[in-house]
Amino acid sequence: MAIIEMKDMVQAGLDRAVEMMALAAHNSYRFGNRNTVKCISVGKEEMEQIAEFAYSLGDMSPLAARDGRFLRDLIKEPCALLIFGDKRKSDLNFNCGACGYRTCAELNRAEEMESLTARGPSCQFKNISLNIATNAAASMAWRLGLHCRVFSTLAMAAFALQIIPDVDVVASVCVSAAKVDPFFDRHKFWTQEHWDETFSKEFPTFTRGFIGAVE
Amino acid sequence: MSIERSMKQFELDRKESVRLAARLLLASGTTSPRVGGVGECTIHIVEDECEIEELAQKVEGMAEENTAWKTFRRDAAMLRDADAVLVITSLRCLTDPADINCNMCGRLTCEYYRQVERLPAGPGVAYTGPLCVFRANNMAYAIDAVIQQARTMGIDYGVFWSAGAAAMRMKIVPRDTGFCVAVAISVTEKSPFRDIPVKYDEMNERTMNDRIIKRLWPQFRSIYS
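As you go down the protein sequences, you meet chains C and R in turn. All residue numbers for the first sequence refer to numbering that gives the first Met the number 0, where the first residue is 0 and numbers rise by one. All residue numbers for the second sequence refer to numbering that gives the first Met the number 0, where the first residue is 0 and numbers rise by one.
Bear in mind the hints are in silico, worked out from the structure with no lab data behind them. Even for Gly, the Cβ is constructed at its ideal location relative to N, Cα and C. Watch out, some of these pointers could steer you wrong.
Some residues of chain C that are not near chain R, with every Cβ distance over 12 Å (derived) [what the hints assert, rightly or not]:
1. Asp72
2. Ala176
3. Lys200
Selected chain R positions facing chain C (Cβ under 7 Å, derived; list incomplete) [what the hints assert, rightly or not]:
4. Leu107
5. Tyr111
6. Gly128
Simulated restraints, written as ranges between beta carbons of each label pair [what the hints assert, rightly or not]:
7. R:Arg174 x C:Lys6: 50 to 56 Å
8. R:Arg113 x C:Gly57: 22 to 28 Å
9. R:Arg117 x C:Arg71: 54 to 60 Å
10. R:Leu215 x C:Leu22: 46 to 52 Å
11. C:Phe183 x R:Glu52: 40 to 46 Å
12. C:Phe183 x R:Gly121: 40 to 46 Å
13. C:Asn107 x R:Lys69: 19 to 25 Å
14. R:Met202 x C:Glu111: 41 to 47 Å
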């Protein structure tokens, strides 16, 4: 009988799990009975590009830098990144006003705004459907026992690098089969001194007593 | 012959199960992810039959306001069959943009977004946009968490943005609510949210009952007794 190593089984299981997540996202609830959400799974090379790009945004967005640096570490162990996207214009004809235009036709006629993160203005309900698909994928990952987190930073980096083509708004789910959950409590990225310094800079009043009180 | 005791018990237990299920769905929706871990959504349970009727009437009334909202009459008919309605809100999308300059609203930066004039509230406007899309997207996670839990528990559900908009107009949700969607649930043998014929607002179980049993039978009875 052939012996299969655990490492290979974990990788194969992860590959299958990613397919299941895409399936769950594909069949998730959406408004207006339309299925326009696109989904791709990116490989290690693309994840490396995304990580570098997100890290390079440090000056503009510390959050993106943190996630970029985190992704660089994450790809050393079995992991996958699913990116979801959809077009911004409304084909729903709800005329709900959430986008700031009275009718869907007005939204679709409005001037398009380009940026690195998304193209706007976008239909609120298209966005909700996109994120419901994202959550359905994350929910499937959770049920399958994978480590999982939803990232908008990595999705926006993939959008800027044009890794996911022909979409205007994006979201992403990252899953991992690492030995311990890498997505939460990520304390290894800073020292205690750095943390203390940043905390006292951001929340200077935290340790301050009542003005005029004798300590 | 009067209805059997065990049947009455079943009806009471069915209603109790809706109350419990609504609270479990609320738990699932509340613990679903939020971007940046910032609290954003609240979930309100409407389970009183009279309150559901009020909501349905408001939805029905809104159908006249906008040509795109004709389906609201059908939604109202479905809501009347619901055992409970969970109203999910987004509290930050109107007043507190996410400050990440994502451009999903089309205003490039959140500073520009703050300067944009909002749609005035009034007939034909469901939400006074533009909303912070990035913030409002949190609601997608809450909606899906409620749906996933309902599916897991085997509870029939329907998602209605019409009822969400109506709940905002009825002011039964917090003041800061900018975006609102409702999930109706039902514990019955046939889901009232599936297999919806055309003209369901005119021809549904309630109107059939009203026309055929409540009108024809008493007449038949007076004539043939």
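To see whether the hints hold, each was checked on the structure:
Even its closest Cβ contact with chain R, about 21 Å, leaves C:Asp72 beyond 12 Å, as expected for a residue assigned away from the interface. Remark: the non-interface label on C:Ala176 is consistent with the geometry, its nearest Cβ contact in chain R lying 20 Å away (cut-off 12 Å). The beta carbon of C:Lys200 sits about 18 Å from the closest Cβ of chain R, which is more than 12 Å, so the claim that it is off the interface holds. At a threshold of 7 Å, the smallest CB-CB gap from R:Leu107 to chain C is about 6 Å, leaving the interface hint in force.
For R:Tyr111, the interface hint is violated, since its Cβ never comes within 7 Å of a Cβ in chain C; the closest pair sits about 9 Å apart. Hint status for R:Gly128: holds, given a least beta-carbon distance of 4 Å to chain C, under 7 Å. The beta-carbon spacing between R:Arg174 and C:Lys6, approximately 55 Å, falls within the hinted interval of 50 to 56 Å. Taking the beta carbon of each, R:Arg113 and C:Gly57 are about 25 Å apart, inside 22 to 28 Å as hinted.
Evaluation of the 54 to 60 Å hint for R:Arg117 and C:Arg71 yields a failure: the beta carbon distance comes to about 42 Å. The hinted window of 46 to 52 Å between R:Leu215 and C:Leu22 holds, with their beta carbons roughly 50 Å apart. Separated by about 44 Å at the C-beta atoms, C:Phe183 and R:Glu52 satisfy the suggested range of 40 to 46 Å. Taking 40 to 46 Å as the suggested C-beta distance range, the pair C:Phe183 and R:Gly121 conforms, at roughly 45 Å.
A hinted range of 19 to 25 Å holds for the C-beta pair C:Asn107 and R:Lys69, which are about 20 Å apart. The beta-carbon spacing between R:Met202 and C:Glu111, approximately 44 Å, falls within the hinted interval of 41 to 47 Å.
The structure shown violates the earlier hints numbered 5 and 9.
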